[in-house]
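**Q** One-letter residues, chain by chain:
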Amino acid sequence: MRLYKHSLSVFLRDRKLSIPYHGVLALVLVMSFCCLGSYSRYDDVFSAVRWWLARPVIFIIAFFIYCGYELTVRMHDNDMVEYVRAHTLGLLKAYSAVLFSLLTIVAVPSSMFFAFFLFLYQRVGVQYTPFLVHLTKLSVLYFGLSLAAGAMLGMAMAARLRSNRLAVYTLTTGFMLLNTTFTDAPFRVPHLVFNSYLVERALYYVKDFLTLVPHQLGSYFAIYPIYGFPMEPVRWVVAVFWVLFPLTLVLVECFTRRIRRALLVASALLLLLGVGLFSVRGSVLAMDMRNDSYAYADPIYYADRLRQDYAGYEAGFAIEAYRMDLTVSNELHAQVHVTVDNPGREGYEFTLYHGYILKSVRTEGGEIPFTREGDYVSIGGLNGSDTLVFTYHGKSPKFYANAQAITLPGYFAYYPKAGRSNIWDLDRYGYVVNLPPYESVYTVKVRSGLKVFCSLAGGDNGFHGRSNGVSLFAGMYDEVAHGIYAEPMRSDQPTRESILEAEQILTDAFLRVGHPDMVIALSDKKFLQTPASFALNSNTDNTVIMSDHIVSSSAGAQGLACSIMTSIVRPKSAGDFWFRTRYLSYLLRGQDETSLALQSEVDTSLLLEEMEEWLLLPDPRANNMTEQERAGYLAAKRRRSELERAVSEKAAKYLFYESARKQENLRFFFDYFTSESTEDCLQLAITRVREELGP
Amino acid sequence: MIAVRDLCKRFGRKEVLHSISLSMGNGCYGLLGANGAGKTTLIRCMAGLFEPQRGEVLYDNRPIHRLKGFQRDLGYLPQAFGMLPELTLYEMMDYMCSLKGIPRSQCAGEIAQALEFVNLEEWARERVRTLSGGMVRRAGIAQAVLGDPKVLLLDEPTAGLDPSERARFRNSVRELKRDRTVLLSTHIVEDVDACCDNVIVIHGGRILFSGPSDELREVAVRQAGHTGKKPTVEDGYLWLTNGIA
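First to last, the sequence lines map onto chains A and B.
The first sequence lines up with residues 1 to 695 when you count with our numbering.
The second sequence lines up with residues 1001 to 1245 when you count with our numbering.
Derived from the structure by calculation, the hints contain no laboratory data.
Quantities reported herein were computed from a predicted structural model and do not represent experimental measurements.
Just so you know, even glycine gets a beta-carbon here, dropped at the ideal spot from N, CA and C.
Treat the hints loosely; a few may be bogus.
[To be verified] Straight-line Cα separation of at most 27 Å, DSS-like style, residue types lysine-lysine; simulated pairs:
| hint | chain 1 | residue 1 | chain 2 | residue 2 |
| --- | --- | --- | --- | --- |
| 1 | A | Lys637 | A | Lys572 |
| 2 | A | Lys93 | A | Lys5 |
| 3 | B | Lys1150 | A | Lys93 |
| 4 | A | Lys637 | A | Lys662 |
| 5 | A | Lys93 | B | Lys1068 |
| 6 | B | Lys1177 | B | Lys1068 |
[Said to hold, decoys possible] Selected chain A positions facing chain B (in silico; Cβ < 8 Å):
| hint | residue |
| --- | --- |
| 7 | His6 |
| 8 | Ser9 |
| 9 | Val10 |
| 10 | Asn78 |
| 11 | Glu82 |
| 12 | Ala86 |
| 13 | His87 |
| 14 | Thr88 |
| 15 | Val252 |
| 16 | Glu253 |
| 17 | Thr256 |
| 18 | Arg257 |
| 19 | Arg258 |
| 20 | Ile259 |
| 21 | Leu263 |
Excised from the complex, chain A in its bound form (with noise of 0.2 Å):
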């Protein structure tokens, strides 16, 4: 205890730690009320939290390394440990001392975030206790056990590199680097100009090892309220052996003979079990720039392979019903039980993500071969038996299933789905929704340390049900209304009076273009908000509409029609993009009556001139130029691209809101889209606005 006093009177004595210490402390309360700031101006706590305290914490980290180092190489550089050593556990006792002396100046930042933490739980107001839990969490890992770890590998490295401040300051800007993404140029050198993933795996491997702050400094990804902020259980494997391993390298120093060797043994196998529970880490979200990432891992795994297209593939069977046992714990761990309606056959083939390791298939009678090519699994006959067993685990970087939060919508192939289907649409950048289009019967059971939602009839992570896809959903995710689901977080929730005048919006728009066995009875279905994070990386999956339940990223009675029938009404070509859009505005009456371009009436002589150009504009090819060429090309495209928008959006203004015909143009253009049509989007409706105007 007196050595303890003694410690701590050192280090608040000494200018060089005090004053910094306290500027740190200060630093810590500006922090906490630009957040606060932050949150009260955007009302988005998730954004908050991580501009001005999780990104920024790597500084206080860096600063407590100082400390740590500082505090215990004044021993070394005041020549005391010799005659420390000389005591019984002199240098254990001295070293300790350090050590709680330490935790002891930790702890007063730790507590100050922790009570801002509870301070903003109260200031935010939503009784939701996981959030709390979230917050209390996130202020013991990110700013507890990692500012404990930065004094750690501080003492660690003033015990094992004494005075060697070269050697240390370099050390701690290697380690601060590595936890922010300054590092992502360098590490993506290997694949971006050797075309070498291993080594890209390996750097970031190690990168990874060294992440205290998981949420780094440069990184742009937003925190989503359903995951919040990254603490999967390897998270605090990492935390906790940096402070375990410097604790057992500064032990080292402080014993001689037996002692000291089984304390280099220990800390080998800490590090071993540091290292090998790290490489079982299962799902963990990553979001950065490396190919294995959140964003990025799909679009490149299908943009380096062999292109298959498999719309209109007949799989030959269909399942009538799955058995699905899933463990949800670092990863996802299955055992899905299929049973098929045509037993009889050779041969089936069936969609399972890459990302899932594919253990053994058996029926009744036993194992039975499969191939695996990617996506797809093979199998011969069943001999006899109508049901399978598929036992498998793994995980898919962006629909996670982990200890923090399970995303898993019913359209991607997370289990066995019949026939083979593409999982990634290179043209459309985004993920094909597959779907069935028969009902199967479900009983899926979850293990899972979280509640689980899902898109099934059930409770205690057990549901049963009919449908042609199942969605389970976990997290910081709750039924806000009856039968809707979302994150509590999240300022944007679909309500019931949204869900139903969406509804109302596109019944009216189905009637105008005719179509009434088209209307959706969106009401009658769950609904579960998908997190905002699911349009990082594909523009297709916004909405997707299952037998019994819908899966949408939207929430507004507008956007969530809009998105509905942009499902609908699909894309021709990326030319069509603005004609479109306006299109789907002027069916769902979206458009803003207010706006300077609805106040005056389309230039029709101008529309035809315009169109008139941009039909003798030639599409303008790149091939072997000169600078003047190259001049010339340049502007011809940029001003095709101009009229191409100029031309679609008065074009369609005219056919879809000004035109005696606007009802008949529209019930026109919808066939169109949904039709199997390949004539170009903008002839058509050029060649349209010509018949209505006359030469």
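Chain A is fixed; fit chain B onto it per the hints.
**A** Same frame as chain A, but now just chain B:
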């Protein structure tokens, strides 16, 4: 009381101590040797800071690494000694008392006695950073005598002390040596001459001489012949080491 038996210490390939054997009872022992002779290594081995490759250090006929109480009975002043400059001298002594396991109730008395011993009692409330180099050295001696140790290993204790302080130190050692073993490693042969009853001369990691200081003086007289001048330990030491050279 403390003995060294067949002690060998190597650093890498370099053997610094060659099969050293010594035995010391109560009294003051002067350890003399040139730079690099192995004095500090020997003292560190005796303090239990270095593990020898061969041989052992015995305290009360038991190896020190198996003896839990040895370090409690040891007072050690290393060649390089420093203190935490942010603490006061008293706090630093209290820090050392705590390391030595001296009960809190006894600390104040122990510290006062130790500081008085080195004539620093008036500086007790001053920060260590305000002390001169000589004062820090005296504080080092004070911390070594805290807790009334039975064995005192002092490595260059008088380095940096002014003549009056050295004289005071010599007198103090005469007091200390009555009921304990004091091993004094030094370059300053006068200190050994003044306060040590026994001398150990080490050269190149080997003991050249170990015995009463009078015997070393006798060696000098025998070898140089009677010159009329009173023989000193220095004469004996110089003859021994020059003979080797």
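**Q** Which numbered hints turn out to be false for this structure?
**A** The structure breaks hints 4, 15, 16, 19, 20 and 21; every other hint is satisfied.
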